[in-house]
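K.L.:
Sequence:
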Amino acid sequence: MVIWLIGLSGSGKTTLGRELAAQLRQRAPNTVFLDGDEVREVFGLDRGDQPYTLEGRRLNAERLTALCRMLDRQGLHVVCCVLSIFPEMRVRNRDVFSSYFEVFLDAPLDVLQARDVKGLYAAARAGRMPNVVGLDIPFPRPASADLVIDTSGKPDRLADIAADVLRKAGLAR
1 MVIWLIGLSG
11 SGKTTLGREL
21 AAQLRQRAPN
31 TVFLDGDEVR
41 EVFGLDRGDQ
51 PYTLEGRRLN
61 AERLTALCRM
71 LDRQGLHVVC
81 CVLSIFPEMR
91 VRNRDVFSSY
101 FEVFLDAPLD
111 VLQARDVKGL
121 YAAARAGRMP
131 NVVGLDIPFP
141 RPASADLVID
151 TSGKPDRLAD
161 IAADVLRKAG
171 LAR
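Note that our numbering has the sequence shown beginning at 1, numbered continuously upward.
Among the clues, some could well be false.
Stated by the list, open to error - The calculated label-pair distances, taken between Cβ atoms and stated as ranges, are:
hint, residue 1, residue 2, range
1, R125, L76, 37 to 47 Å
2, L59, R18, 17 to 27 Å
3, G153, S98, 29 to 39 Å
4, E55, R167, 33 to 43 Å
5, A66, P29, 17 to 27 Å
6, R92, G170, 14 to 24 Å
7, P29, L109, 30 to 40 Å
Just so you know, these hints were derived from the structure itself, not from any lab.
C-beta: ideal position from N, C-alpha, C; glycine also.
Could you build all of it, start to finish, from the sequences and the hints given here?
P.N.:
Here you go:
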């Protein structure tokens, strides 16, 4: 199964994804955690502005999908955290993976800008960083996420939220 966590920067994808992967590994050691930023860094695709253009983001999303598909075919569970700004790719995911569960971490842009975990929004407002999703590049809200989680507040029960995701994905009771 591929659990696909999507949302804008600062919405909590990586934080929840790590907890999901840790809980799932307790039941299924054949679990892999993938984070879009980390995969981009591993392959050296995080340098300069080009990887963050719409075309660069599409290429990274296609690579992540291909990597998830390869792992899925080998019987591994994958927890993948990615912005996922291409609706047609999210639709296609339902056909290319053995099982797919899409989770949208939803928080208003003003909350994410105030949180600004990576400093992306401040850098964009200061003109130092182009191509920020949600500001320069549109973020199409998912139309058919299997689960929507409001992450506008403080995540005080992360373990419970992760356990609920696994239950709803059919991977726990």
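K.L.:
Does each hint hold? Answer for all of them.
P.N.:
These are the hints, each one checked on the structure:
Evaluation of the 37 to 47 Å hint for R125 and L76 yields a pass: the beta carbon distance comes to about 40 Å. For the hinted restraint 17 to 27 Å between L59 and R18, the CB-CB distance of approximately 25 Å keeps it satisfied. The supplied range of 29 to 39 Å is met by G153 and S98, whose beta-carbon atoms lie about 34 Å from each other. E55 and R167 have their C-beta atoms about 38 Å apart, which keeps the hinted 33 to 43 Å range intact.
Taken as a hint, the range 17 to 27 Å holds for the pair A66 and P29, whose Cβ atoms sit roughly 23 Å apart. The given range of 14 to 24 Å is respected by R92 and G170, whose C-beta atoms sit roughly 21 Å from each other. For P29 paired with L109, a C-beta distance near 38 Å keeps the hint of 30 to 40 Å intact.
The structure fails none of the hints (numbered hints given earlier).
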